[in-house]
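Single-letter residue listing:
2 protein chains.
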Amino acid sequence: MEKNISEIEKEFLEYVKKMGAYNEALGLIYWDLRTGAPREGHVQRSEVIGVLQSEVFKMSVSDEMEAYIEKLSGNVPGSVTNKVLEECKKNFERNRKIPESLFREYVVLQARAESIWEEAKKASDFEMFRPYLEKLVAIQKQFIEYWGYTGNPYNSLLDMYEPGITVEVLDDVFAKLRDKIVPLVSEIAKSGKKPETGFLFHHFPKESQREFSLEALKQIGYNFNAGRLDETVHPFATGLNPGDVRVTTNYDENDFRTAVFGTIHEGGHALYEQNISKELIGTPLCSGTSMGIHESQSLFYENFVGRSLGFWKNNLDLLKKYADGQFDGISIEDFYRAINESKPSYIRIEADELTYPLHIIIRYEIEKGLFNNEIEVKELPEVWNRKYEQYLGIRPRNDAEGVLQDVHWSGGSFGYFPSYALGYMYAAQFMNTLKKEMPEYARLLETGEYLPIKEWFTKHVHFFGKMKKPLEILVDATGEGLNPDYLIEYLYEKYSGVYCLNID
Amino acid sequence: MEKNISEIEKEFLEYVKKMGAYNEALGLIYWDLRTGAPREGHVQRSEVIGVLQSEVFKMSVSDEMEAYIEKLSGNVPGSVTNKVLEECKKNFERNRKIPESLFREYVVLQARAESIWEEAKKASDFEMFRPYLEKLVAIQKQFIEYWGYTGNPYNSLLDMYEPGITVEVLDDVFAKLRDKIVPLVSEIAKSGKKPETGFLFHHFPKESQREFSLEALKQIGYNFNAGRLDETVHPFATGLNPGDVRVTTNYDENDFRTAVFGTIHEGGHALYEQNISKELIGTPLCSGTSMGIHESQSLFYENFVGRSLGFWKNNLDLLKKYADGQFDGISIEDFYRAINESKPSYIRIEADELTYPLHIIIRYEIEKGLFNNEIEVKELPEVWNRKYEQYLGIRPRNDAEGVLQDVHWSGGSFGYFPSYALGYMYAAQFMNTLKKEMPEYARLLETGEYLPIKEWFTKHVHFFGKMKKPLEILVDATGEGLNPDYLIEYLYEKYSGVYCLNID
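From first to last, the protein sequence lines stand for chains C and U. All residue numbers for the first sequence refer to the working numbering, where the first residue is 1 and numbers rise by one. All residue numbers for the second sequence refer to the working numbering, where the first residue is 505 and numbers rise by one.
For the record, the hints were derived by calculation from the structure and aren't laboratory data. The structure displayed is predicted, hence computed values, not measured ones. One should not assume that every hint holds.
Unchecked claim - DSSO-like cross-link-like pairs, simulated, lysine-lysine; straight-line CA separation at most 27 angstroms: (1) LYS218(C) / LYS507(U); (2) LYS18(C) / LYS521(U); (3) LYS180(C) / LYS436(C); (4) LYS206(C) / LYS722(U); (5) LYS694(U) / LYS10(C); (6) LYS817(U) / LYS680(U); (7) LYS58(C) / LYS825(U); (8) LYS58(C) / LYS710(U); (9) LYS321(C) / LYS710(U); (10) LYS817(U) / LYS17(C); (11) LYS521(U) / LYS17(C); (12) LYS18(C) / LYS522(U); (13) LYS206(C) / LYS507(U); (14) LYS3(C) / LYS521(U); (15) LYS58(C) / LYS522(U); (16) LYS206(C) / LYS710(U); (17) LYS710(U) / LYS17(C); (18) LYS58(C) / LYS521(U); (19) LYS507(U) / LYS18(C); (20) LYS817(U) / LYS58(C).
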């Protein structure tokens, strides 16, 4: 007897629930590996990861999955099931279009390239890494042909991380950003002004940094019954399910900013995952909708809250309480200027708010060039250094602080970098609307009442998980499409304040 | 084209490796749940457990598994594959013989019974729990009929936890134990002697207890590159793989013995799992061979090492260093007598070394009676209390401190209790051989050189995983079958020393 549609739908939802369960187990395994799993167990744990991952992959491209998509698409009433189908179909098509032998070659190459990249970075020698990167780019170009694309081939990669965002959009917004940020950066350099920052770098015991970080997480509305804070080397947040969203941080005892701003950043990611609608649990929709929207949440809290004057008006005394006297006698204004010093630097992840977008734009321009056959891999060190000189006024002295600094390309992650800058623009655009809808916004920052802010984001962003695409979220929340002006305005206002510049 | 045997063998080993991977993921999930997983994520985490467990179960009884067993049994050369087949066949037959509907009924009942037991224990009301226990026993009796048995029906249950051990064996050894321990217990009571114990119960900060516990683990040879110590409510050790064997403990700040002896106990389990042959990783043979042999390792370290005079000659000063002065002026002899006080008590898990076996024997006699239709569930409180009075000279005042104290029956674990006493007898028998083969044993205890002891156990016990059955291990290591005399001798010697009795 033929099964009816609602029986098939039920089976399909069980099927994706199983994939979700494997992914949740994988999430816990990764968290554990990065927060203290005993070293000698790692090799066998990798086997476990391999088994679970390949099971999820097989399920995503199976004939069963194909049959569910065919039978159910357009035939079920529920909006959740339809979105789940859409999501599964996208993955199915992406993964099925690649010939298995090419995919296997790629997976082996990825693993090898990452360890070669590590060595090359240590030796600061791009030539070591070059042949692997060439092969990675070549295979990605083949993937793009299999996947197909509209407009620019690079769009096919962007679509993976930020559906709806294309070269056509990015060329425009990144040009605007670049043309406004570059002069501001050079204006600051010309002013010769430099905030006093020496007091930042005193010894601040790890345990006390942790105490303050916990307080900061609590303030922004992180739910400790649905999460925990642990220590790791490379900080991250991970949403295993909305009731279990973990934050990690690392501590530099001679620079408290690493842990404090790092924790608030990851806390922003965590607020997103903690507040997704419970209705989506067990489906692939139960996570942030895109890298960019995710980053909008972390950057909003890290920069717009954590690096704001208001936040520190409310928290500097608390920080002083935990510190060993390093901030005694430091005024709130001096503290604010110190933590917001802007100066061109080589390393993206150490960049300040103002110069950060330029790091991203450089990578975007290079990736676009690569996938449009306008730049060859062998030219990368030279192109990289030239762009740093042009946009930031500094020229990396070697490959380690230049083209080899980031892990992304070694793992084949092309098209990912733009999300960081997109997130920043989304965040500024959200803030603009938030301030309009919440006239007491500035006061809330100073009094530490951050919950209404979290609630606004939950209502407009968090709740939907992957039920809405990134631009849908943005337009529904702010009433317009991506507009870089809000970020530009914010940066001009903030940095002319920090550096007492007269710019209009 | 037909696959040849070695291809099928390879496939089969991949198949069991996959089951092992799911089990390892489950192990990590359980560890995490019991050491700090955020509360609000538990419900969804249970779903993940359900998915993984049902997958492992399905794989263990699948037609594929059946085909592997049929095609490979007796047709492969390797001793490992043959043992894996044997293990899989045993599970397959156990699980396939039960009708699915009965098994489902049982699983639902188990979950329900456990929460009812919790309530019943709180209310100290056996009648609340009785109907569930009756049903559990009734279904287990049906299982026994499906599984079949030799000799006594209760053997079918014993075989799950301690293959090779039967009612015929236990009746004999437990009678000997009981007939020797009961008079010794009453001798001690009659002597009227009671060691001074007041100094044990001072405030000992948790952090310091942890430091001492870590030192103790290190001394016995626990490898911290392949493990870690965490806090939990109900302590356990878990071997995810030999490179990742975790120990947990809990701290009572007014009784350091809970953490210290608990950690050493779990450390003994952990030494077993850390030292299984690497060759067995990824197979179902990579864990302790039975509950009883496992318990022999934990009890050996907890009692024969941790509660010995030698261990404290070497460690009392260290304990004094961590404690807040509570042991100042206490002699090693007084300390030793205090931690080895013996007195009849109601609660098994709080019992001392001497009375502990009686708690087990009572449960054994009751279980045997239940499954031989000589005792009815409704009679349990009365039977229980009568036996406590008869063997220990005390009568529980209510069900909570009597028949309802242990969780085991609520989960349907009948046949499990005897392992605890078996482990104790195995341990004493191992020690007897160890002392003969290592004449310096007593000196090693006093000087803290415990590694040769660990190495002896690794060579004779740990290394084999499930490659050998429990009695095979015992006979190969000690040259004889189970002999309760060694435990009896040990107890007489120890307790006539602690209580200065003149017994021969």
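Quick rundown of the hints versus the structure:
no.: 1; hint: LYS218(C) / LYS507(U); in the structure: violated (61 angstroms)
no.: 2; hint: LYS18(C) / LYS521(U); in the structure: holds (19 angstroms)
no.: 3; hint: LYS180(C) / LYS436(C); in the structure: holds (24 angstroms)
no.: 4; hint: LYS206(C) / LYS722(U); in the structure: holds (26 angstroms)
no.: 5; hint: LYS694(U) / LYS10(C); in the structure: violated (70 angstroms)
no.: 6; hint: LYS817(U) / LYS680(U); in the structure: violated (33 angstroms)
no.: 7; hint: LYS58(C) / LYS825(U); in the structure: violated (57 angstroms)
no.: 8; hint: LYS58(C) / LYS710(U); in the structure: violated (48 angstroms)
no.: 9; hint: LYS321(C) / LYS710(U); in the structure: holds (26 angstroms)
no.: 10; hint: LYS817(U) / LYS17(C); in the structure: violated (57 angstroms)
no.: 11; hint: LYS521(U) / LYS17(C); in the structure: holds (23 angstroms)
no.: 12; hint: LYS18(C) / LYS522(U); in the structure: holds (16 angstroms)
no.: 13; hint: LYS206(C) / LYS507(U); in the structure: violated (60 angstroms)
no.: 14; hint: LYS3(C) / LYS521(U); in the structure: violated (35 angstroms)
no.: 15; hint: LYS58(C) / LYS522(U); in the structure: holds (14 angstroms)
no.: 16; hint: LYS206(C) / LYS710(U); in the structure: holds (20 angstroms)
no.: 17; hint: LYS710(U) / LYS17(C); in the structure: violated (41 angstroms)
no.: 18; hint: LYS58(C) / LYS521(U); in the structure: holds (17 angstroms)
no.: 19; hint: LYS507(U) / LYS18(C); in the structure: violated (31 angstroms)
no.: 20; hint: LYS817(U) / LYS58(C); in the structure: violated (60 angstroms)
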